[in-house]
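Novice: Read off the chains here:
There are 2 protein chains.
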Amino acid sequence: MIPATLTVDLAQRSYPVYIGQSIFLDKMLWNKYVTGSQVCIVTNATIAPLYLTQFCAIFSELSCSTVLLPDGEAHKQLDAWLQIIDTLVANQHKRSTTLIALGGGVVGDITGFAAACYQRGVNFIQVPTTLLAQVDASLGGKTGVNYQNQKNLIGTFYQPQAVIIDIAFLSTLPEREFRAGLAEVIKYALIYDKEFFNYFSQHINQILARSPQVLAYMIEVCCRIKIYFVEQDESDTTGLRALLNFGHTFGHALESAMDFTILHGEAVAWGMHKACQLSQRLGYLSHEDVTKVERLLNCCELLIQPLHTAPVELILSAMNNDKKNSKNKITLILLKHLGEAFVTDSVEPEMISEIVREGLC
Amino acid sequence: MIPATLTVDLAQRSYPVYIGQSIFLDKMLWNKYVTGSQVCIVTNATIAPLYLTQFCAIFSELSCSTVLLPDGEAHKQLDAWLQIIDTLVANQHKRSTTLIALGGGVVGDITGFAAACYQRGVNFIQVPTTLLAQVDASLGGKTGVNYQNQKNLIGTFYQPQAVIIDIAFLSTLPEREFRAGLAEVIKYALIYDKEFFNYFSQHINQILARSPQVLAYMIEVCCRIKIYFVEQDESDTTGLRALLNFGHTFGHALESAMDFTILHGEAVAWGMHKACQLSQRLGYLSHEDVTKVERLLNCCELLIQPLHTAPVELILSAMNNDKKNSKNKITLILLKHLGEAFVTDSVEPEMISEIVREGLC
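Here the protein sequences come in this chain order: U and A.
Just so we're aligned: the first sequence equals residues 2 to 362 in the working numbering.
Just so we're aligned: the second sequence equals residues 2 to 362 in the working numbering.
One chain only, chain U, in its complex shape:
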């Protein structure tokens, strides 16, 4: 498989995105981006036993520190961020150091935030190991941690020097995590690319069987879409990048109401389903459209009703606190058609609350 190289074009903050099989073993690739004499590999307790030895070998000629963060969204906290900073201080890392985020979205977001803040900013490289991080979290420079039960309340926009997406990591990804990652893939199809929605539906078996060729193509399409949105609206201010939050207002609220005990992708899948139902209720999607989406979510075992343990009131209050809101109105991303999204803050709160309650045990 020939690796693909995409570029995120953001003037001085531009960087490449490599997609391929076992490319992380290529020392030449690293030499381009690790320019100082120090690196700090940040990973978690799940990834470390699988890949850390190989990574340390790559940097055997450099001064190399490692940080093992606790795994999971519940640990995406300031404590973990300080754990990285403390390691950098203890090992006297200079401004010329490079941080390497080896893990899923949580590791990437915390590491990026540490890179943004240590000595007012050092280089970092994203090496996403989950499908979700490969198609979404590792691209676009959103960094941060959760705080006071609010998702990503503290963070910055800070772009990496490179993103290295290696399909090889997906071979060790647990099934549940893989399927949760597919939620974000389906998101891109729904908000921007009807044709890709059809491709996904037609290749669902190869996707679930993790065919490297199909995965590589699927990831490249997702990255291209994500890069398009990021380039148009780097700091999430024009409303365009907000479309990437399709399913996320509902989803983040569920995550937060459930104290981050479910996977982000699972919450987003539920949120996309709710947003599709709402889009139908408002006359945008047909019943058939929603059925198509439900069928796909079902194939990926993502059509879930995790709500019986999550108090509806908590979800609704979390939705009211969403970062995207302005003037006390809930901002939602809905679908005009399959493949086209729009932002709105004019949905009646009663209707939102009805949709959230729907299908509850």
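Source of the hints: derived by calculation from the structure; they are not laboratory data.
Watch out, some of these pointers could steer you wrong.
Copies of one chain are not kept apart here, so a pair can be met inside one copy or by any two copies together.
Calculated cross-link-like contacts (lysine-lysine; reagent style DSS-like; alpha-carbon spacing at most 27 Å) [claimed, not checked]: (1) K330 <-> K33; (2) K95 <-> K330; (3) K195 <-> K95; (4) K95 <-> K33.
Once you have looked at the hints, place chain A on chain U.
Specialist: Below, chain A alone, put in the same frame as chain U:
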């Protein structure tokens, strides 16, 4: 006095710097930069009794939160930063909020760092109330807090929407703080502007008497110089902006060795004196040059020997940890002539240590 308006030209991150007398009372000025319905005024326990009521009145039509930080460099810590974030969360500030940093460099740096990180970045306005913050800290987007006894170890580059420099605040500034601010003024003269060095020497009496006209001119010159450096090297990477750290490698080390119990300007004054002595030792400055600098520092009561309480070893080890260092060499800013600075990392550690020890009790 007609207010001056300078511009910091950083493409999309450009912003104006207003310098004048009692301009902070001009509501029209604020309306340009406070665009949302919420503001959060961050100040400290010293400034609040003097000016907070007036500020709250300016924003009486908006939802206005206030944060009172403890005063002093010793409190430039993550705790104070979280105090701001907690207030923003508790009062449900949205991304459209504006933070107002009303105080000296400590308040400005912490507030800027909170603005950079809250919901991945909200607007903020610098209203520096000390001379030091007016000529230096409020301009250029360096934000941050001290950590593990290292100056500004955690922070970001994040530019404000505007800087409002009001000479009126200087009328309530304690004498010691005022004189400490003059250290940074002298710094600009020494590194970049021989003519301004002469102006300063000739107008020292009016300056110490705080003549508003002379202060306004002096501040404007300093801001122009600072802006020049910031525009050329926003993120402090080319080495040009590093020249602004003249006196700071020595000074920061002293501050840190003395647990931040002396004023930043006082430490910088000591550091500049050491850097001038070293520049003489290396054959750049004449004995007469150094005497001129000493005379000026003396007039400002800044030619101090605070070292008898600060262990030399602590200072030297702090210098070894300075952010500007690379490859275990101490990076220093020295003077070629009065009015021209340069960066070097080739001074022998023994000579640095001798200069630090010189004049000790």
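Novice: Taking the hints in turn, state whether each one holds.
Specialist: Okay, the hints, checked on the actual structure:
1. K330 <-> K33: Classified as between: cross-chain Cα gap 25 Å, same-chain 46 Å, threshold 27 Å.
2. K95 <-> K330: between (45 Å within a copy, 11 Å between copies)
3. K195 <-> K95: neither (47 Å within a copy, 34 Å between copies)
4. K95 <-> K33: Only inside one copy: K95 and K33 sit 19 Å apart there, 40 Å across copies, limit 27 Å.
Going through the hint list in order, the structure does not satisfy hint 3, though it satisfies all others.
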